[in-house]
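Colleague: Using the sequences provided together with the hints, build the complete structure.
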Amino acid sequence: MAILVEIPPPLREAAGGNVHIQVTGTTVGEALTDLIRQHPALGTKLFDNGQLRPYINVFVNDEDIRYLEELQTPIQDGTTIALIPAVAGG
Amino acid sequence: MIYLDNAATSYPKPSSVYEAMDHFARHHLANPGRAGHKMALTAEHTLDNARHRLNRFFNGRSPERWIFTLNGTDALNIAIKGVLRDGDHVVTTNVEHNSVSRPLVALAEAGRITLTRVSADGVGWVDPAAIEAAMTSRTRLVVVTHASNVVGTIQPITEIGRLVRSRDALFLVDAAQTAGVVSIDVQAMCIDLLAFPGHKGLLGPTGTGALYVGPRAEAIIRPWREGGTGGDSSSPTQPRELPYYLEGGTPNVLGIAGLIAGLDFVESQGPERLRQHEIALCEKVRHTLSALPGFDVFGPADPAQRVGTLSFRHHSLPAGDLAAILDQSFDIAVRPGLHCAPYIHRHLGTYPEGTVRISPGPFTSENEIDRLLAALQEITTGL
Amino acid sequence: MQTTDPLERYSRQMRLPGIGKAGQERLLASRVTLCGCGALGTVLANALVRAGVGFVRIVDRDFVEPSNLQRQVLFDETDIAENLPKAEAAARKLRQINSTVTIEPIVADINRSNIEDLCHDVDLILDGSDNFELRYLINDLAIKLSKPWVYAGAVGSEGMSMTIVPGQTPCLRCVFEAAPAPGEAGTCETAGVLGPAVGVIANFQAAEALKILSGNLAAINRDLLVLNLWDNIIRRVRIAPLAGRKGKCPCCALRRFEWLEGEHGTQTTTLCGRNAVQVSHRRSSRLDFETLAQSLRTSGSVTYNKFLLKFQLNENGEFYEFTVFPDGRAIIKGTSEPDKARILYARYVGY
Chain A
11 MAILVEIPPP LREAAGGNVH IQVTGTTVGE ALTDLIRQHP ALGTKLFDNG QLRPYINVFV
71 NDEDIRYLEE LQTPIQDGTT IALIPAVAGG
Chain B
173 MIYLDNAATS YPKPSSVYEA MDHFARHHLA NPGRAGHKMA LTAEHTLDNA RHRLNRFFNG
233 RSPERWIFTL NGTDALNIAI KGVLRDGDHV VTTNVEHNSV SRPLVALAEA GRITLTRVSA
293 DGVGWVDPAA IEAAMTSRTR LVVVTHASNV VGTIQPITEI GRLVRSRDAL FLVDAAQTAG
353 VVSIDVQAMC IDLLAFPGHK GLLGPTGTGA LYVGPRAEAI IRPWREGGTG GDSSSPTQPR
413 ELPYYLEGGT PNVLGIAGLI AGLDFVESQG PERLRQHEIA LCEKVRHTLS ALPGFDVFGP
473 ADPAQRVGTL SFRHHSLPAG DLAAILDQSF DIAVRPGLHC APYIHRHLGT YPEGTVRISP
533 GPFTSENEID RLLAALQEIT TGL
Chain C
27 MQTTDPLERY SRQMRLPGIG KAGQERLLAS RVTLCGCGAL GTVLANALVR AGVGFVRIVD
87 RDFVEPSNLQ RQVLFDETDI AENLPKAEAA ARKLRQINST VTIEPIVADI NRSNIEDLCH
147 DVDLILDGSD NFELRYLIND LAIKLSKPWV YAGAVGSEGM SMTIVPGQTP CLRCVFEAAP
207 APGEAGTCET AGVLGPAVGV IANFQAAEAL KILSGNLAAI NRDLLVLNLW DNIIRRVRIA
267 PLAGRKGKCP CCALRRFEWL EGEHGTQTTT LCGRNAVQVS HRRSSRLDFE TLAQSLRTSG
327 SVTYNKFLLK FQLNENGEFY EFTVFPDGRA IIKGTSEPDK ARILYARYVG Y
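As you go down the protein sequences, you meet chains A, B and C in turn.
Count along the first sequence from 1, add 10, and you get the number used in the numbering used here.
Count along the second sequence from 1, add 172, and you get the number used in the numbering used here.
Count along the third sequence from 1, add 26, and you get the number used in the numbering used here.
It cannot be assumed that every hint is accurate.
[Said to hold, decoys possible] Beta-carbon label-pair distances, calculated as ranges: (1) Glu413(B) to Asn342(C): 21 to 29 Å; (2) Arg262(C) to Thr36(A): 20 to 28 Å; (3) Asn109(C) to Thr181(B): 50 to 58 Å; (4) Asn342(C) to Arg397(B): 36 to 44 Å.
[Stated by the list, open to error] Pulled a few chain B residues facing chain C out of the computed Cβ check, cut under 7 Å: (5) Gly205; (6) Gly208; (7) Met211; (8) His217; (9) Asn221; (10) His224; (11) Asn231; (12) Pro235; (13) Gly403.
Simulated from the structure, these hints should not be mistaken for lab results.
For every residue, glycine included, the Cβ atom is placed at its ideal position computed from N, Cα and C.
Modeller: Right under this line is the structure:
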């Protein structure tokens, strides 16, 4: 299973400096659980009491999971999951 | 009690006002700012938010220009004593409340200023041309009440404001009877200083009021009360920044929490709708009493020219007696006498006995007015 | 400029089929408020004024500093020597570029009390800011007044932009319901910024502005654009279905303007002492000191325990000391001016 999670710059430190991380799972939720298993420091960055933090958007093949099936959104081999937090500066 | 004395203090308040004050007193009643702890921050935010809300409601230049005061009188004193200098000339009217007249007359009697009092017409209306004619090259300040607290006449504030500005004087408006029931835009009306209490048309508690200080007034106003401001404690004198320059001492943040709940209600209804309600009730009194023998009713006939305050008298029953009977036998609260405005009573020929004033509020019902009218008929029958 | 036809200077732009003479005339008659004039703002102002947008109001609270020159394209060393506010320095330069349009510089901190005055009389609001507090405030006002606005942000080599047309697209809160907590999102001061990244994203914003103002609403980008010039990522993600967030977006669906109403946002308190201002949030959050410490170490010295984080900073010869607390509040020593404290907080703690 080649599912890639794309890590945005603010989270890379907690992800061992990686830009892409390969994970396994059949849903977005499972994929993120695997991601956090590999890089536990990402846990509190992404979730707060089990809820995805409201300023982090998760896109599966460029579609927001909030109008798919949220964390239950099914994924397949070749899926790219992008974590996209709002960008502040300017 | 049928309460018809809203021109003095509005009652009842919307229940949200009582709730806001109870909640604030139980949870947040700390000294605003100063200490920086959570309760202090909430208290300070209440003040900041109130300034923002007043600024938006009256279209001021910026929130820090709204100075919290004890009441309308306090705001007027801060304005009058803060901007006048020895040798200044002041123009005011004979419609004013003592909160304007007394500080000005005291300054005039002390030889500090000269004072010209412009006369209103028979219904209490002040002609802008008369104000202009009274102004001299030494005129620093023109003070006009937005609406008479005796007969309810609304003054042509915008016209007066424009001409005062064109003559480079400052314009102080006493909005005691209008804040909350007549739309006020301090910028469009060329108002440099706006003073009002929180406990009348804005439906807040007693002990609240505010003064708006526009840029032209800011340049010369001096503090009349000095003291702690929370920040900048190392400065030996009052810091120059508004609102702190004019706001020494702990503000009545509890009252202001109530005042803003009152303003919420006013904004949800709209001032004009509130005025219309009160006017309609006054009109009923006016029409009924005009048709009864022995009553004189004062003020402009056109309701568009008035706020919901009506004065009347009876030929053979002094105002004080009539009010006492209404209170004791009918449980109806009205205000007899001179209403702290002796000059307009002299002008109307009602001095020194005065008139009976009724002023309904947002919660006064038509049924209550009917009971007042029935009581008046009963009391005066056969006199 | 000596030309017979005042439109000649726009001739290359008018040749674009989407613009033409009619579109150019619309640009010349259009009005914009630019909120913030830093890296995004200078690029935006430059593009708009050159394109002939007839009225550009530029609002910024800050002064030009040496660290701005790497990316803030309208400023130069003279502006620093003269200690000019950014809005004034930008206006001076822009008037040399195009003297036929109106530039209105305003040196002010944009807040909930003045934002409506600053934006009520324009056709479009542009985000040139560096913090989310202002962006959510712009979003509230834009939805309330039904005016389009264009968001963009840039940090590091990353940029992001979306175009908001009330009633037609999602609003900022449909897509990003809440701002990152203080210390969670990098700022240009803590994470750095690549000049071209902010230039690209701001020019993208400018193109969106020109489409809207020239009457080409159909041509706007309705996706969220995300790019990272260093990692070679350019992505457009579909956000159109998020519009109104199933009727639950607090701003555009429920019309609760929480930032305009002061329920969110920062609060500054000049403390009863000397030369220190406390910055706090209406809604408190939990800070991760470890992350914040890491991001601040590049700018100054940092120490922390479970109660507080101390950060000492020397910025342009001025010494500041931040004491940051776990709920996001900070006491900033070295200034007694609330506006300066807010600038410093936005730069280093980030919000």
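Colleague: Determine for every hint whether it applies to the structure shown.
Modeller: Structure-based check of each hint:
no., hint, in the structure
1, Glu413(B) to Asn342(C): 21 to 29 Å, "holds (25 Å)"
2, Arg262(C) to Thr36(A): 20 to 28 Å, "holds (27 Å)"
3, Asn109(C) to Thr181(B): 50 to 58 Å, "holds (53 Å)"
4, Asn342(C) to Arg397(B): 36 to 44 Å, "holds (40 Å)"
5, Gly205, "holds (5 Å)"
6, Gly208, "holds (5 Å)"
7, Met211, "violated (12 Å)"
8, His217, "holds (6 Å)"
9, Asn221, "holds (5 Å)"
10, His224, "holds (5 Å)"
11, Asn231, "violated (9 Å)"
12, Pro235, "holds (5 Å)"
13, Gly403, "holds (3 Å)"
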